[in-house]
Amino acid sequence: MHFFFFKNIFLVLYETFLFVVPYTTNYFYFGSPFEIYYFYLMKFKSVFLYSLLCFLLNVSFNASGAALDSTDVIALNKKAYNNRLTNPAELITQANKALALATKIGYVNGMAEANRVIGIGYYYQTKQVEALKYYLVAQKIYQDANNQDGVAKVTNNIGNLYRESDYDEAIKNYESALNVALKVKDEDLIATIYLNFGSIYYRKKNLNKALEYYEMSNVLFKKLNNTVNLIQCLQNKGVIYYNQNKLDTALVLLLQANAQAKEKDLNTAVASINLTLTSIFIAKNQFDKAEHYLEEGLNYATLVNSDKLKYDYKLTRFQLESKRKNYQVALSLLYEIYRADSIKNHTDVSNSLKLLKEQTKQEENEHNNEMMLAQRSRDRILFWSTVLVAGLLVVLVILLINNVNRKAKTNQDLTRLNEKITEQKENLNQINHHLEEIIDDRTKDLQIKNKKLADYSLHLSHQIRGPIATLKGLLNLEKDNLIEQDECIKLMNKCVSEIDDNIIDMSGMLHETSKKV
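With positions in the sequence shown counted from 1, the corresponding number in the working numbering is that position plus 846.
Worth double-checking, as some hints may not be accurate.
[Claimed, not checked] Between beta-carbon pairs, the in silico distance windows are:
1. 1090 <-> 990: 41 to 49 Å
2. 1237 <-> 936: 53 to 61 Å
3. 991 <-> 1108: 50 to 58 Å
4. 1256 <-> 991: 51 to 59 Å
5. 976 <-> 1233: 39 to 47 Å
Hints listed in this document are in silico derivations from the structure and should not be mistaken for laboratory results.
None of these values were measured; they are calculated from a predicted model.
Note that the Cβ used here is the ideal one computed from N, Cα and C, for glycine as well.
Can you make the complete structure from the sequences, with help from the hints?
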């Protein structure tokens, strides 16, 4: 899981690098501060969206691959589990493949189920200690994953280990598993536990209660169309009727179960069913049929490599030979059974002690693991707290450095602006001084010209007043008839011409002065 995560991170960083480099090395943008900010904001947004898209695509691809692998694990576990009554050795091989694949992809529930199925394989090979080891591993993984249904299944399997030797311990495990199964509404597991309760009460010689549980499980298995466990229900009910001495009813059920088990290649079931069929035909004194089913069942027991079934067939053969009154063979078998029984009793006690020892050791290991996990959790919290504080300090230092740099840059900018302002102020002062000089020069020039104009106006006024006075004199002479009219007009015309010339001269001077100003 961590491999896929870091691979995704690497791919995103790599793709982001490829996308960003062209913009950071070959492309520059100039404009106002707002335009620059907006430009790079859009570029950052594009890079972020592209990176996010790449990350999601990679995660989706790996998630689909992981989902496909988890489907393979589920299929392998299911295929292995279906081999439990056919070939336990093949079951173990297939479940180990599922375990390897589940471990590779980090599929926790697949790892737990593979361990449980391997334990079932060893159980059908009558290797309780090995089975318990795998059951306890599966139980721990399911507990850590908070998979209550998985925990209940393993607890039911552990109960099966005690079914032959410690009924109370078996019932304790079955009840614990049943409570969870009812809570999570796992009907297949509920039916299986009912079946196991029936087997316990059969061994406790409470046949009616055993039959009641078998019927309850049979109803559920029919509802679920679980043909394999329906065959086991048929077998168990046949065994109950055999022990109740209802041989014909038992025979019908067991023959039906035998045929269905062969059809499904349930080798372990056929071997177990044939044991009871052999006993029924012995009770009916049909020794040839008993011999047939005994030999057939022994072959199936050898095929599945079950020491318990082989022992049971040896005991059944002793019963057959005794009923045939073949006492020499029966005595030889009895001796072998006695030896095997002594070894079996010793082995059962040893196995029980080993089971308890394994459970105690497992509980101790779990406690140590919990303590270790708690310590690791504390260390992890301390480590990440330290990293967080260090990270915050680094961020704070970076912010302070950025703030100082920003202030220094701002001060430099202000200094440059002040220098520019000072320079511009000096330029303005020089311009003002130059303008003042120009104004002073113009003022002096205007004063001189105004004086000239005033003098000229005074002079001109004298020149104009002379002709005007002459005109007035001529008018008076004309009035008194002291001058001839033609001469008067001639003189008046001369005076008017002088006045006109003086006015034109004065206008030209004024016009020239206004142009210079």
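Right, here's what the structure says about each hint:
For the hinted restraint 41 to 49 Å between residue 1090 and residue 990, the CB-CB distance of approximately 46 Å keeps it satisfied. Distance hint check: the CB atoms of residue 1237 and residue 936 are about 54 Å apart, consistent with the given range 53 to 61 Å. Taking 50 to 58 Å as the suggested C-beta distance range, the pair residue 991 and residue 1108 does not conform, at roughly 39 Å. Against the hinted window of 51 to 59 Å, the Cβ-Cβ separation of residue 1256 and residue 991 comes to about 57 Å, which satisfies the hint.
Distance hint check: the CB atoms of residue 976 and residue 1233 are about 44 Å apart, consistent with the given range 39 to 47 Å.
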